[in-house]
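Colleague: Chains A and B, in that order, are what the protein sequence lines are.
All you need for the numbering used here is the position in the first sequence, starting with 1, plus 10.
All you need for the numbering used here is the position in the second sequence, starting with 1, plus 10.
The hints are simulated quantities; they were obtained by calculation from the structure and are not laboratory data.
One or more of the hints may lead you astray.
Pairs involving identical chains hold if they fit within one copy or between any two copies, as the list cannot separate such chains.
Unchecked claim - For lysine-lysine, the following DSBU-like pairs were computed, each having C-alpha atoms within a straight-line distance of at most 30 angstroms: (1) K181 with K170; (2) K211 with K70; (3) K267 with K214; (4) K76 with K399.
Number of protein chains: 2
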Amino acid sequence: MTENYRAMWKDLGLDLEAHDGLLAVLGEAYQDIYLSQKNRPAGMGYFDFVMSEVHGLRIKELLDEKKAGRKIIGSYCVFVPEEIALAANATLVGLCSGADFAMEEVERILPRNTCALIKSSFGFKLGKVCPYLESADMIVGENTCDGKKKAYESLSDLVKNLYVMDLPQVKSDHGKALLKAEYNRFRKAVEGLTGIPVSDKSLKQAIRTVNAKRTAIHRLSALRKADPAPISGLDALLANQVFFYDNPERFTESVHKICDELENRIAEKNGVFPENTPRILVSGCPQAVPNWKLPFIVESSGAVIVGEESCVGERGTRNLTDETGETIEQMMDAIADRYFQVDCAIFTPNPDRLKHIQEMVAAYNADGVIHYGLQFCQPYLMESMPVEKAMEDANIPCLRIETDYSMEDVGQLKTRIEAFIEQLR
Amino acid sequence: MTENYRAMWKDLGLDLEAHDGLLAVLGEAYQDIYLSQKNRPAGMGYFDFVMSEVHGLRIKELLDEKKAGRKIIGSYCVFVPEEIALAANATLVGLCSGADFAMEEVERILPRNTCALIKSSFGFKLGKVCPYLESADMIVGENTCDGKKKAYESLSDLVKNLYVMDLPQVKSDHGKALLKAEYNRFRKAVEGLTGIPVSDKSLKQAIRTVNAKRTAIHRLSALRKADPAPISGLDALLANQVFFYDNPERFTESVHKICDELENRIAEKNGVFPENTPRILVSGCPQAVPNWKLPFIVESSGAVIVGEESCVGERGTRNLTDETGETIEQMMDAIADRYFQVDCAIFTPNPDRLKHIQEMVAAYNADGVIHYGLQFCQPYLMESMPVEKAMEDANIPCLRIETDYSMEDVGQLKTRIEAFIEQLR
């Protein structure tokens, strides 16, 4: 990124020195983890560019949108419907939460035993290093897990314009009614923010735009079924991560472009790893930018990741919103129907997730599953035990790991993961 | 307890050897912690008897009730309305969860980083040492915290007749509607279990019975305002614990009896601790039998506990159910209205709790607050930070502790608590 952005970051209230430090670490990590990969698809050049400009050009674009009267909404969860934001003339972006920052300050507000993802979102705020957060006209929290639910109470003291969405815990009629009511409340809040009411036309277009993003990523996912794998798990994860940041149309186009390339690679049997490389499905907690720790360890240990059963991955992008609705009400119902299927571990019971993991293992020809649990993430850690049992029952090798964003356990994880991969050969 | 009960325990499927071990430890702890107290009210003799027969006579009574056609319902939470159970000819009892048991087996099913209370409830089942659980015709779980919510999914494999109640996370109209709907569903489930429909008459009587229990415990609490304290925090906690086990009418009578005695003591300035002993309010997680660790440390360190802002305490017993309803619907609404006020940390936001803590500090003339957090209990640990801040703002000394059921940290806790008490003098 160029010097041009410093004034912009300063205007946003970032701590320039701390932010420089973050960008330096991020750039180095990206170099070591991403750019050092061999034989990457040329189309990844686009994502490399996006990442190199993730705090630069993309923020400038958002600020230009703001100048043109559009509003920016920041979100921490796949339950916040991008369709509604887009339809009311707002842009939805995922907020920074994949790295430890300002932990000492964070632990004055949150208990030490809080998951890394939540701590990170506070750290980026307290450390003043997240230009997305600072650009956002509205920040949306949601009552998913206890950790986030209670943390938003404290976040409301730190940010202006925090909006909290309630969510059900059970997939009952009552639960669905709550989700619908909350999505309608959110629509009104966004309309209030932008001053532009959602119309049947704008909502239909928004549904199409988001479905197009999802369709593109579904196409990318399907190509990962091939052996040899035409794209690394790291690169595919990056596309899934950029899903939350990028301009939707440009993202869709770029993913399709890389898919065209991957189809040629598959025809030529030109993989990023040799044929018969052990294939891993990662299942569990989201991996937000720049949390590339697990795939880096896995793919530098002789295996390839072929799918992410995760919010940043198939759990977040599975299922399209039905496009046939004509009235706002019909389309709002379709949106609620679509999101109500998300099989997050906050739901009880959550049998669909066990089914989806097994379906993904079969679809992507995975040889084993690594369950990725963030330390202190109760819903996923608790659900990891029935996941492991279901995998055992289905004779699918499964390794449960529990980690955070620190690098302290990398050696130990690598040893365990190498041993797991060895057993898959 | 006598040998007479061994056949009963065996019939219930208890592991007699493990159960003997548990009773021995429990008896010893009771001797060391309770019976060693000086100048106890004579009325505590009743509670000593209850505790000595907690797995004996009380279980026999429950089994006799079963023989007479009544049903036994076990619960883990103050959100399960005793009124509804009683009105449909069932007895509600709290289930064992205040001590570590069979931890090795538990950690095969639940993550290590699960709170002690949840682990304990599994340990008592897996170790086959809880006669209440084994006597219960229905076990009621509830979607409070993530830990319990997800744990019940696994508990359903271990017990028959698990019934799970959904709960709201927000005190909104939608939340209240959910609670009402769930209480009506619970009523139907209990009616189905007992075969006896709730009538307006039986529900009115049940409301009166439970209100009478609460009124008695309110009277006891009010007497703790006196200085010198007429009863120890340990003994008052015991009464609050027995609230969940005992026959309701007998409990009410016994509490009033001890209150009569305490009134005399107060008139005579006959305290269990000297006048001007530092007075502590305990706030936070429930302390289930036999979890007497914190009050034992506090009261053997020169302070007296004058109130429990806790589910086993005032959070659980605050507010009566309105008795003026005439129809089942009116009374069911009154029940939901009463329980909807419970200020559990699972709610977001939960400002009433901060207010209640301060009200209790004032009412009981507490000199300071100890926030009792069970390790890995996210809702209360997260809320402990705003609690601490609110206390600081109100110039109320506050000590946050985080512990479990093990005895490993007793020395360290005692040091911290002694230092805290010193600062209150």
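Colleague: Is it within, between, both or neither when you check K267 against K214 at 30 angstroms Cα-Cα?
Modeller: Intra 25 angstroms, inter 70 angstroms, cutoff 30 angstroms: intra-copy only.
Colleague: What label fits K181 with K170 when the C-alpha limit is 30 angstroms: within, between, both, or neither?
Modeller: between (32 angstroms within a copy, 22 angstroms between copies)
Colleague: Is it within, between, both, or neither for K76 and K399, if the alpha carbons may be no more than 30 angstroms apart?
Modeller: For K76 and K399, neither the intra-copy (49 angstroms) nor the inter-copy (37 angstroms) Cα distance is at most 30 angstroms.
Colleague: Check K211 against K70 for me: Cα-Cα at most 30 angstroms, and say if that holds within a copy, between copies, both or neither.
Modeller: within (28 angstroms within a copy, 69 angstroms between copies)
The earlier numbered hint that this structure contradicts is number 4, and it is the only one.
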